[in-house]
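For chain A, the structure is supplied; the task is to place chains B and C on it using the hints.
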Amino acid sequence: MTTIATVLFNGVAYGMLLFIMSVGLSVTMGMMNFVNLAHASFSMLGGYVLVVVTQQLGLPFLISLPLAFVVAGLVSLVVERTIFRYFYGTDDLTQVLLTLGLIFMSIAIVTYFWGGTYQQIRVPSWLTGQQDVLGLTLERYRMFLVAVGAVLALVLIFGLERTRFGACVRACVDNARVARACGLNTELVFAVTFAIGGGLAGLAGALSANLLGIDPNFPLRYLVYLLIVVSVGGMGTITGTLVAALLLGVADVAGKYYAPEIGGFVIYTITVLVMLWRPHGLMGRRA
Amino acid sequence: MTDPQNSPILEARDLHMAFGGLVVFEHLNFTLGRGERHAIIGPNGAGKTTFVGLVTGLLRPTSGDVLFNGRVITHESPQQRVKAGIARTFQINSLFKALNPLASVVIALAQREGRANVSLRSVSREGKLIDEANALLVKFGLADDALTVTETLPYGKQRLLEVALAFALRPQLLLLDEPAAGLSTAQGHELFRQLAVLTADTTVLFIEHDMNLVFRYADRVSVFAAGALVVQDTPDKIRTHPRVREVYLGT
Amino acid sequence: MSTISEPATDRSTPASQYFAGLARWRVWEILFWVALVGLFFVPDANLPLYGQIVIWGLFAMSLDLLLGYRGIPSLGHAAFFGIGGYAAGYLGKFGWIEPISGLVIAALLAGVIGWLTGRLIQRVSGIALLMVTLGLNLILNDVVHRQSGLTGGDDGLQGIEVAPVLGLFRFDIFGRTAYLYALAVTFVLFLLARALVKSPFGLALLGARENPRRMIMLGAPLERDVTTVFAIAAAFAGAAGALLTQTTQFVSPTSLSFQRSADVLVILIIGGTGRLYGAFIGAFVFLILRDWLAELSPVYWYFWIGLLLVVMVAFFRKGIVPSLEALVRRVRRR
Chain A
1 MTTIATVLFN GVAYGMLLFI MSVGLSVTMG MMNFVNLAHA SFSMLGGYVL
51 VVVTQQLGLP FLISLPLAFV VAGLVSLVVE RTIFRYFYGT DDLTQVLLTL
101 GLIFMSIAIV TYFWGGTYQQ IRVPSWLTGQ QDVLGLTLER YRMFLVAVGA
151 VLALVLIFGL ERTRFGACVR ACVDNARVAR ACGLNTELVF AVTFAIGGGL
201 AGLAGALSAN LLGIDPNFPL RYLVYLLIVV SVGGMGTITG TLVAALLLGV
251 ADVAGKYYAP EIGGFVIYTI TVLVMLWRPH GLMGRRA
Chain B
1 MTDPQNSPIL EARDLHMAFG GLVVFEHLNF TLGRGERHAI IGPNGAGKTT
51 FVGLVTGLLR PTSGDVLFNG RVITHESPQQ RVKAGIARTF QINSLFKALN
101 PLASVVIALA QREGRANVSL RSVSREGKLI DEANALLVKF GLADDALTVT
151 ETLPYGKQRL LEVALAFALR PQLLLLDEPA AGLSTAQGHE LFRQLAVLTA
201 DTTVLFIEHD MNLVFRYADR VSVFAAGALV VQDTPDKIRT HPRVREVYLG
251 T
Chain C
1 MSTISEPATD RSTPASQYFA GLARWRVWEI LFWVALVGLF FVPDANLPLY
51 GQIVIWGLFA MSLDLLLGYR GIPSLGHAAF FGIGGYAAGY LGKFGWIEPI
101 SGLVIAALLA GVIGWLTGRL IQRVSGIALL MVTLGLNLIL NDVVHRQSGL
151 TGGDDGLQGI EVAPVLGLFR FDIFGRTAYL YALAVTFVLF LLARALVKSP
201 FGLALLGARE NPRRMIMLGA PLERDVTTVF AIAAAFAGAA GALLTQTTQF
251 VSPTSLSFQR SADVLVILII GGTGRLYGAF IGAFVFLILR DWLAELSPVY
301 WYFWIGLLLV VMVAFFRKGI VPSLEALVRR VRRR
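Residue numbers (this note's numbering), protein chains in the order written: chain A, 1 to 287; chain B, 1 to 251; chain C, 1 to 334.
Be aware that a few hints might be false.
[To be verified] Per label pair, the in silico range of CB-to-CB distance: (1) E261(A) x A35(C): 46 to 56 Å; (2) L59(A) x V299(C): 28 to 38 Å; (3) V328(C) x G89(A): 25 to 35 Å; (4) E190(B) x A35(C): 49 to 59 Å; (5) L116(C) x R60(B): 23 to 33 Å; (6) N46(C) x Q130(A): 54 to 64 Å; (7) V231(B) x G89(A): 40 to 50 Å; (8) L116(C) x A147(A): 37 to 47 Å; (9) A184(C) x N175(A): 54 to 64 Å; (10) T185(B) x D91(A): 32 to 42 Å; (11) Q194(B) x E325(C): 33 to 43 Å.
Derived from the structure by calculation, the hints contain no laboratory data. Positions of the beta carbon are idealized from the N, C-alpha and C atoms, including for glycine.
Next up, chain A with everything else stripped away, as it sits in the complex (with noise of 0.2 Å):
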């Protein structure tokens, strides 16, 4: 019983992670039609701002979060800016292999600056060891990663529900076109969005170094990931990459658990059933 829980929990987290880095792919994509591979490479950005900020300047952790976002949202906003909105409107695999030269080509600066091995993470005190709860012993730093999921979720979902610029965003997601005509800067809601998105995937780079590692093969290993979360949750909704990022994590989590040598196979098949099933995912608007 409580194995199952832990393993629950652990997936639930996991999941949490999951979200953060794919939350601002599934709504890019969702409002530009834009398939960017290179979210991913946000995400490991994000990661070394981590290693930087800790390790060779010695400031704290709860620093380096931030940190994450604002470089990895500023990063994205000039790839946006500088190569992205060249290519809105172009066909699926233009952008594929658009983005895929640019995780190619992360991979190579990455391993340039930091080399080809895993980063040492060290985490403050306080995150590190177990804590009882409600006779669960659970990890400190996961359950900190499913408090900020949490928050995060709720921020957004509030954020696009009630806000102005929310508001912008849904109509954009709902039709482009539309909205430019309906006199909206079409232009700035997919900068801000782009910048926004690709911050978050940079703090769950940061928030995930300690869990999954960080070295230059990230974006590749992470990259499937990313892509079954937005394809299975739907593109442009955000409790759709929410379900489908837990479900994930939690397939992932219990499948290495309880039947390490099929491993990935469960997630993949879901995937591919799920596809097959509903080509624009579970909560895809066109479904």
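Just chains B and C now, with coordinates in the frame of chain A:
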């Protein structure tokens, strides 16, 4: 069994069609006689294009039946209906942009003749198909453009090709969705004049907004409004029909 | 319906000349294949590398049938390369050492699995299609990784034996037999692909690539054609995988990794789609460049591959062969 010569070529029985909550048709009944040159007119949103979609099978009705040559085809695939003899053109050109008209027509003919199965035989050895394609392009006045990439052709020529592709199937029933859309008045008349000659032996059902074309080239007219067939009659009667004025002028 | 087609009654019409022209062999085509044979006679030629180029070219050509001619992108094409590779490996390991029949069996197996995959994806398009092909590739890769008792895991399949080709030509350490064998098989498969794309079926594929809705309204069996071309592309990819296994007597999970699926896509895009030759030119450029860059900077060479990809997509989206064709046409018109 009814006599196929006198029975209608196309019938819609009690068609009901809805997209989500939006009802397009309720209890639509429609009959098309063999050999007719039949126009469908009606204001935007009357369901004209939807009706063509239901006949060709690109759309499926919520309930009701479509009959072709007295046979229920409601559950047949679009491809089966094409084989049975129904062909259509689209309101917005639907062509093979990167190919030329010759290749496009050969594609259509190869489908009609069932010669597009996996094989290692070059197209150049399909002499009959190539000759027929050539003749068809001559007929439609596209011979000089046969080898020009379709997307670089002037719009009027593309419009002709749109019709030629459907015509290549030698259909019993040809559905033309606003064939003159985007053409000048003169071009529209020219197109219809050509069509009248080319399709002399075919039953033609066309949607058209230009009343001059309708009254000149149709021998029967149906008026659709708000998902119902309002009236069906000869052009002369339609011209003076009070319900038609009502539909168009809203009085 | 007659099964024997007749030649055009009038062979002088531009129409019949047009299709005859499409089917005719060009001088540069003949030169291309003669040059590949010629490489064999160049002293100290790096035949193992050229053999790899030919095999990758065949692999990319199989993807071209799918992507270039039918317009179906796949992020998981390496799955079929791997299936062919492992099938040939098992055959060689367990006593079926005759290479040609082994190659045929491997290709057929990949083709059958490709046909089943085609049945699955025949209605899917867009992002979902990319995800399904990627997902199937990852599933297979995962299975091969985990069932290490059966597949040798990361170490790959060892102890693959291959008999001399036609009982005469032993595979030598200089890769001479391997090169000619790979070239011969590739040429035969190229002839099949070339005939296929110039047949009415090939024309129907182009039609469906350009406008599926119109093809439906011409009565074309779209879904059946997708399944068919998927099976053929998979069989060709399987043959390429089998060739690599037989000529190197080794196969490992990298042969069906996502990386390999991405690489073959990159090769085809560099060379240009819908031309068949683009696949070979792309393979040549990619592998030579990779070799050169890896020597230049062993750690960071992927940066340049990435940059190449970005530049290609941004400025030469059509790829090398179509861009060259356009150039030649412009020069001629002048």
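Here is how each hint holds up against the structure:
Between E261(A) and A35(C), the C-beta spacing of about 49 Å keeps the proposed range 46 to 56 Å intact. Look at L59(A) against V299(C): about 29 Å separates their beta carbons, and that is inside 28 to 38 Å. One distance hint, 25 to 35 Å for the beta-carbon pair V328(C) and G89(A), holds here, with the actual separation near 30 Å. Range check, E190(B) to A35(C): about 54 Å between beta-carbon atoms, so the 49 to 59 Å window is met.
A C-beta distance of roughly 28 Å is found between L116(C) and R60(B), which places it inside the suggested range of 23 to 33 Å. A hinted range of 54 to 64 Å holds for the C-beta pair N46(C) and Q130(A), which are about 58 Å apart. At roughly 45 Å, the beta carbons of V231(B) and G89(A) sit within the given window of 40 to 50 Å. A C-beta distance of roughly 46 Å is found between L116(C) and A147(A), which places it inside the suggested range of 37 to 47 Å.
For A184(C) paired with N175(A), a C-beta distance near 56 Å keeps the hint of 54 to 64 Å intact. With their beta carbons about 38 Å apart, T185(B) and D91(A) fall inside the hinted range of 32 to 42 Å. Range check, Q194(B) to E325(C): about 36 Å between beta-carbon atoms, so the 33 to 43 Å window is met.
Every hint from the earlier list agrees with this structure, and none is contradicted.
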